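Participant: Listed here are the chains, written in short residue letters.
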Amino acid sequence: MSTKSYREAIKDAIAQEMRLDDTVVVIGEDQRGGHGGHQPEVEALGGVLGVTKGLWTEFGSERVIDTPITESAIIGMAAGAAATGLRPVAELMFMDFFGVAFDGIYNQAAKFRYMFGGKAKAPLVVRGMVGAGFSAAGQHSQSPYHIFASVPGLKVVCPSTPYDAKGLLIASIRDDDPVMFCENKILYDMKGEVPDEPYTIPLGVANYTREGEDVTIIALGSLVHQANAAADRLAKDGITCDVIDPRTISPLDETAILESVAATGRVVIVDESAARCGFAHDVAALIASKGFDYLRAPIELVLPPHTPVPFSPALEKLWLPDAAKIEAAARKLMGA
Amino acid sequence: MADLKTLEMPKYGLSMTEGTVANWLVEPGQSFDKGQEVCEVETSKITNVFEAPFAATLYAVIAPKGTVLPVGAPMAVVGEAGATPAEVEAFVAALNGAKEPEPAVAAPAKAEAKAAPKAAPAPAPKAAATVAALAKSIDKPVAGATVVPAALKGETPEGVNASSRALRLAQKLGINLALVTGSGAEGRISVEDIEVAVRAAGGSVAAPAPAERAKVESHADDSAVPATPVARRLAQKLGVNLNDCRATGTQGRVCRDDVLLAAQKLGKLEDAPASVAAAVPQPAEDPVVTPMSGMRRAIGARLVQSKLEAPHFRLTTEIDMSRLNALRKEINADVPGVKISVNDLLIKAVAAALIKVPDVNVCYDAEQQAIVRYPDADISVAVALNGGLITPIVKAANRKSVTDISKEVVALVTKAKAGTLQPEEFQGGSFSISNLGMFGITQFDAIINPPQGAILAVGAAIERAVPVKGQVEIRPILTATLSCDHRVIDGALGAQFLKELKRFAEAPNLMLV
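Protein sequences, first through last, are from chains A and B. The opening position of the first sequence corresponds to residue 1 in UniProt numbering, with each subsequent residue numbered one higher. The opening position of the second sequence corresponds to residue 1 in UniProt numbering, with each subsequent residue numbered one higher.
In isolation and in its complexed conformation, chain B is listed as follows (with noise of 0.2 Å):
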């Protein structure tokens, strides 16, 4: 009869109480040597490998690719070559006898059990549904159950130094408190040294119960309790006594709505008059709690480190799109086919505006404490998405028709809302627009995307009476921001370019020659 042994999940940190059979990197039958690579355990944390403490075969994997296991549950059945199925399914059976789970303990997951039979490679078919079924016995537990392995089975014999806690509790889970360390004086063992041994052997614990409020109620006097008038009659109406309210009322008073608290929280509400009850905030719906998504957590480290590392200072100016506009609207006249936006334009204007003011179109490299200048505009443009946003790179925008850029612009946007945006079509720029005019935001400013030197904030072209020439006209006014990172722009830089910017939104002819 050949000597098999099983191997358990392994605990990698202190904090591992569970683990995921990620992967087996061994077949049933197969042999392995001391130190070879078995399978891959994942962990909340990490992903390890599982290497071979000692050298034996493969003959039954119990928990399936995806199983969660406990700590110091069976993985899988191996023993020295010549094992023969038979025995297998003996040694299986024999395990899954073993942990016969208590009656406390939950059923697997339906769909885990489901699952099983089919994800449970054997060497032979019979001891396959008896892996399985052992597998499902041993699947993850439900949160809560308390699951005793069978090491720590059986009757505590007379004489055993336990407390009258801990013995009660070894008799309930059927545990041999003979087999237990006991932590206190003259080796008395406690409750706490029973869920040791328990979680030591690989079974869990229940947690405690939390315990529920009691409703208590105060009996003393509170005629000297501080309270308002309508309070005082209040609390003697629903029978509250002023003790047990808080005082939020002014000069360290009981108020009406602290009466009325109180009244709820004790249960006195139900039989007071409807209107005293109406009165009483009643809690609104459950508040949503979503978990962070990747990109939320990357736009927010992202952000927080930008509004942490760069010294943000912000320039505005004001910029009449009377003949931007009127550009627009002759392009898309004149070319047929063709629909370009403001933004399209504005995207050329500051595209022409870095050609012009190159120390502008830079990038922070702390590493290298160094400036890095880009020699075309790689212009970055945010794009809001459902729970984000990315911002899609229009590359050399300086060197791009603007119907060149219209088209790519509304590509990028598309895959971005698609999602199949490609890396090197987001990752990198060497300077973003964030426009928020079609919102109808005036004004804005942005917070830099790292390491980028500075990010244009574009509100709305709003119609305002400005002086032109000393008569006033209604002209379209785009205020647009400029946030820019100290440590690589100055004020008089930032300015520059802005001047330069209004120059070309001004008079696009001017981006023509």
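Bound-form chain A, shown alone (with noise of 0.2 Å):
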């Protein structure tokens, strides 16, 4: 067990991968380049925010391929390595770009195995960052994911934490379907506990953050921590929260959800994918269909405003879903 960084974290969960298993191979921009292309000893960039910073030193050109600015090429080449027996890791940079690469996702790698009736499969993991909150502005602050979890057959994974990056990872790359991974860009910083040795979460398997009676507050990503400060503060007045963190959004860890709505039978949903059709209404929509008889009061949802995410740092902090907003929809929902 080390301290290490969500950053560090995803980049164990890769190499270790890499050591174990010989068909896994990383694709992306700026893998080697960056810091003069062609030249060995100079140290490679790894990615944009230097995610996988060191694979391509440890494991050579072979198994750490530098794409050009190229989407598609890249999850083309993936989804096709992937049908003939190698379990790439790819990564979009931006999950925002997925736009210019989702046929080979959505209408190849998702649909291998069922249309191949099972002979052909896709074991890649896209990674990509999502979340607003660093400036980066409308088309790099974007989170996507709930247009990936409505693809059948794709799986689509938040973690929130350096220690669920890596076990998530590590069972995305085993699992013989397409993942997309959503990594939070404002968390490549965060700090936690992370085992030095492999190891997996399971997903579809949700992670309970705070443990409470009165409110269920469920939320993913860098969401989770303003969640939990919102719970921490709302304990202060007696007003405990269940906090979810479902960690994969597909599969989705429907009983935990319901579990605990049957006891608070309050609930907030905090989301930053869409206003309108994402994460937290396909969640609602599960609450009110499944356990609509638990609920003491209409749900809340905590969402952005139906725009694009703002520029300006003061406009983003508005737009974004935060811990204050958080704690008054559960100061609503219990009439205080």
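Hints were generated in silico from the structure; no laboratory data involved. Predicted model only: the values in this text are computed from it and were never measured. One should not assume that every hint holds.
Said to hold, decoys possible - Some, not all, of what chain A presents toward chain B, calculated at C-beta under 10 Å:
#1 207
#2 208
#3 211
By construction, the Cβ of each residue, glycine as well, lies at the ideal position given by its N, Cα and C atoms.
Hints in hand, dock the two standalone chains.
Facilitator: Shown next, in the form of structure tokens:
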């Protein structure tokens, strides 16, 4: 066990899997380049935020494949490699760029196993950054995981801590289905205890980060920490909360959510993916259809407005759900 | 040391959660063979005989006759021959200890607890006391309590795969999750799995408390909500948001009553002006709910069957009662000790008409698809009772004198009200009369009493001006309506019967010839 950042935990997971399994390869932009291209003696950049820094040095160009800025080629290559027996970990840099590469993901990789009657599979992981709060403006701040989760055949993971990131990424690499691994960019420098040896966290198992009896707060990624902060503040006033981090959106741990709602009867769902048709709405529909009788109050959604993410830091702060908004929603449910 | 076991409350159907020990067929101390009937168990649906799953000796009855037990709870202590009373007592004590109820478990009803020691037979008096205590502790728990069977008790070891809520519940109830099978991904144990395990081991799980209705108020702008001006003003006065009101007014508008109801629900009327509060419709007292008695259910079933299956048609006639009334007066004046009623005479007239038109004196035999015609007029007379009605039968009324009929009717009505009618006194009959004349009902129609072919509904005799030989005279006129089952009686036939009835009633001397 040692203290590692979210970024280091992810690199740790990839490196350990590459050592264990020769079929694991990394594909992406700037994996090797950045600092002078073909100069082996120069440390490679390791992606735009340096997550995979060091992998090229250890595994070489055969297994750490540098690509031009061409998302459709990255995904096409990864999907094909996966179908022919490799376990690629492709990096899309920002998940916002899925638009130029989505055919390979949603119309090819996600369909292989089903349409070829189980004879083909696509064990690939697509890593990418999501999340606002980095002043990266409208095209580099989105969280399109709700779009991925709507595609059958794709698994969607959103880790919120270094520990979860490592365990979930190893589970994702070992999974035989395509996994969209959504890393929240403002968590990269978050530190936490991470075991040194490889371990997995099963996909589809939620984590309760706080336990309480009055309100259930459901959040993903960086918002889990906002929800925890809200829960801690509420606890001082005697309002205790279950904070649920589903960790994977698809598959979704419905049991963990419904069990908590059954006990509290009050739900706040926090999300930054979308103000319409997003992750929060999906969970709200789950609760309304399978847990209606448990509810003591309407489901509260804490969501950004239905606009692109603003560039202005002040506006972006206003745009993002935060602990204060979550706390207010919970208090509203308690009638306080 | 003899091997002792328990006999447990069986589960006869998927829906069975508890059963009543209806009767013990084996005495304590007696041996029984495998398959022998040991006791009777009553469920909400059936009474079943519990057959011994193995041969043994019955040592102690834990659940005396009448005890309600959850499925799987021990009913008796049994074992191979040769167990000493001390051994039995020790076994029961062990069971008792294991069953030590949770603090959350409600105490058994006091009456049952008192009854138990008396009713529990056991080989040794000391054991009997312990058995009674056990019977007490496993007596029917108060609905809603959670009872965890001893088999599941314990501490959950590290590393059991369970959901967060399941872990917390297990800790609260003192359940060892290692004994529970998980149904989730990778064998994860959910709250539901715990509930299933508790029920399977014979315990019970409290129903979740129903969520209280939260008083949720809207704060959105309600200026665009369609509302009547009065409603809008009142809403402003009471601080009610129009979004919280139902719109029952015209053109889909919120009206005054909607605002008042919403204000009441949101508890905003307390500090409202008295004049406003008084206008709120207060819910009346709760309606009284009485389960249907057996008689009501029988009436319901039979009459629904009649209405659904028998194609009813109705014929109405008016009968001039002057001569029948006169005859009644004469008989009552001339015969000492006799007080016949108009009804008695009508029964006699109906009997005479039935003999004259025998095809109305019939029943419909659905099974044989046949019409059964009776030689005698067995007339069922509808008698109103508290909470129901019954139709005792005046048998062979055609062959009885009016005084006999009168005496018989009095006797039958008395028995009916006392509830002592014998089945043969109210089952059968070939024709029914229902008389509501005493209540001033002038005319009504009755539902045929199946499988009979017809029923006569008799109204009150009302004095009316009727033309008699060109003169207007005041005569008591009774309206009688015959309901016929068209499967066995046609219109002309029914009309013919009514014509004969009218003839006999208007000229009662015809009944004598």
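Participant: Which numbered hints are broken by the structure, listed smallest first?
Facilitator: none
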